[in-house]
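Chemist: The primary structure of each chain is shown beneath.
Protein chains: 2
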Amino acid sequence: MTFREDLKTYVENINKMLEQALDIMTGYADYLVDAMRYSVVGGGKRLRPLLMQESNKLFGEPSKELPYFMAALEFIHSYSLVHDDMPCIDNDEYRRGRKTTHAVYGETTALLAGDGLLNYAFETASKAFDITDDPAKCGRAMKILAKQAGIMGMIGGQAADVKAEKTGETMTEDMLLYIHENKTAAMIESALMIGACLNGAGDKELEDLCEIGSKLGLAFQIRDDILDIEGDFEQFGKPIGSDEENGKLTYVSLYGMEKAKEDVDRLSKEALDGLKRFNKRNEFLEELVVYLIDRNK
Amino acid sequence: MTFREDLKTYVENINKMLEQALDIMTGYADYLVDAMRYSVVGGGKRLRPLLMQESNKLFGEPSKELPYFMAALEFIHSYSLVHDDMPCIDNDEYRRGRKTTHAVYGETTALLAGDGLLNYAFETASKAFDITDDPAKCGRAMKILAKQAGIMGMIGGQAADVKAEKTGETMTEDMLLYIHENKTAAMIESALMIGACLNGAGDKELEDLCEIGSKLGLAFQIRDDILDIEGDFEQFGKPIGSDEENGKLTYVSLYGMEKAKEDVDRLSKEALDGLKRFNKRNEFLEELVVYLIDRNK
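Line order of the protein sequences matches chains A and B. All residue numbers for the first sequence refer to the numbering used here, where the first residue is 104 and numbers rise by one. All residue numbers for the second sequence refer to the numbering used here, where the first residue is 104 and numbers rise by one.
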């Protein structure tokens, strides 16, 4: 199997798992489940669950608790996009080349679908306690998940980003790095750390993976900013130049294209080198890192 | 100590605990922490954490994990109010006699503050894994928390309620009970079940407490509907008659005032009888149930 074939299979399996997890009958709230499903199943690279799955492999055979946490992380990612796209934040009509949740279902349903997905993330992760032989390990994974997604992680980064945009305050280097570290990298770190945690990795290994995730996350975000300028709408799935049009300050506008590209190369190389230092190698994971940085969408 | 004195002390302790839990330094996201704190510390009966604390006492000495879950439940309750009040749902400017979060901080911040609180609820609960001797028990409590707050619980009820209001479809008895059972009662059930779970209660006891919580929750909601018609603005903290003005269908409008009052009495008596059947009695909890039903606000 080539990397591309493996990737395709893995993503298909993740998509199936996500659809199954969202196959819920509620009675009067079914329309909300539809909106939640629409928000999740419409594509996406499934980067975070993939990274979790592959990080888990660095420390042994696949853990049986893994699917619960992979789905949870993707639900959190999905909810953050649904709320981010809403009229009171970015007011985006398109995401990944298709209509955003509020554009299809209206603002009220999008608000509740985001809430529903965030809560369902923790509900799904908590089901791992039913099947685990090691509840302490699951508790540790739950704590990582919640912290990295929260006010000291993704939500904190989102809050800082939104404030900078809405108030038009001058973006400093420190502020931009805070936003990228928290809004983007925290969830990548979370993926790598939870995967490892579920296979019994120790504190030092989790720290190393957090640092690798931080570098990979920053490289990924800068690559996104570069694609917003140089990318192709068909490939990228959202209007090109939308950041610039919205007057949004990015890594590229702050440091220039040349340094941005250099930093992507340096950070992704450092992340790769970090991965290679573990006892067990995971070639797919290493190729995935390269793929994520070389992507055109 | 009288019931009222105990109640005052307990609520003060809960308020202190909530404020401590929200004493977080984030750097660029501090404005969001302010909005989260405003949404939580502005009063409220602290009914859910109180019920959890007292249900825990039915099964032994206070569990050390209790404060984490008490805070978590109140954060979930608070986030639900913040999002519920937003322009795209109820568009309420006042709650508990003070300005709602979006009225003070704007819609964008209110959206993120609600997200922040929901996530922080699970983050706070997950900290119990650091101090517990029984991670399986905490995992079980986490599962109850997530399920009762989610699409099969509170969010499901909220979704059904919002849909009925926005589409103006005819409210049936079945639909109204679904809404009350999920939107209101699910969190009361959660409080009683988690308190018991943290002191090692078995499945049968949790089932009984779920049923008691369901009755208490329904009685509490009907009492709320009655107060909306007969209450006093100063006491109740929101404009009287607002449900009627909004054309909102309630238990009272569906069944009439007389049956509503009869049902409150019957349901609260059944809840009380249920509580008295446990081996250990908790007089404060029994008085709390009476107090909640006799309240004027």
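Hints are supplied without guarantee of correctness; some may be wrong.
Heads up, the list lumps identical chains together, so a pair's fine if it works in one copy or across two of them.
What the hints assert, rightly or not - Calculated lysine-lysine pairs in the DSS-like style (CA-CA distance at most 27 angstroms, straight line): (1) 269 <-> 230; (2) 230 <-> 246; (3) 240 <-> 383; (4) 246 <-> 364; (5) 351 <-> 160; (6) 351 <-> 246; (7) 269 <-> 202.
Since the hints were derived computationally from the structure, they do not count as laboratory data.
Chemist: Under a CA distance limit of 27 angstroms, which applies to residue 246 and residue 364: within one copy, between copies, both, or neither?
Modeler: Classified as neither; 34 angstroms inside a copy, 44 angstroms across copies.
Chemist: First find the shortest C-alpha distance between residue 230 and residue 246 inside one copy, then the shortest across copies, and answer within, between, both or neither for a cut-off of 27 angstroms.
Modeler: both (15 angstroms within a copy, 7 angstroms between copies)
Chemist: If the cutoff is 27 angstroms on CA atoms, where do residue 269 and residue 230 land: within, between, both or neither? Let me know, please.
Modeler: Answer is neither: 39 angstroms inside a copy and 34 angstroms across each miss the 27 angstroms cutoff.
Chemist: At 27 angstroms max between alpha carbons, let me know whether residue 351 reaches residue 246 within a copy, between copies, both or neither.
Modeler: Neither. Shortest intra-copy (33 angstroms) and inter-copy (40 angstroms) distances fail the 27 angstroms Cα cut-off.
Chemist: For residue 351 and residue 160, with the copy left unspecified, which applies at a CA distance of at most 27 angstroms: within, between, both, or neither?
Modeler: neither (38 angstroms within a copy, 54 angstroms between copies)
Chemist: At most 27 angstroms between CA atoms: does that hold for residue 240 and residue 383 within a copy, between copies, both, or neither?
Modeler: The answer is within: 21 angstroms in one copy meets 27 angstroms, while 34 angstroms across copies does not.
Chemist: For residue 269 and residue 202, with the copy left unspecified, which applies at a CA distance of at most 27 angstroms: within, between, both, or neither?
Modeler: So residue 269 and residue 202 pass the 27 angstroms test inside a copy (24 angstroms) and across (22 angstroms) alike.
The structure fails hints 1, 4, 5 and 6 (numbered hints given earlier, in ascending order).
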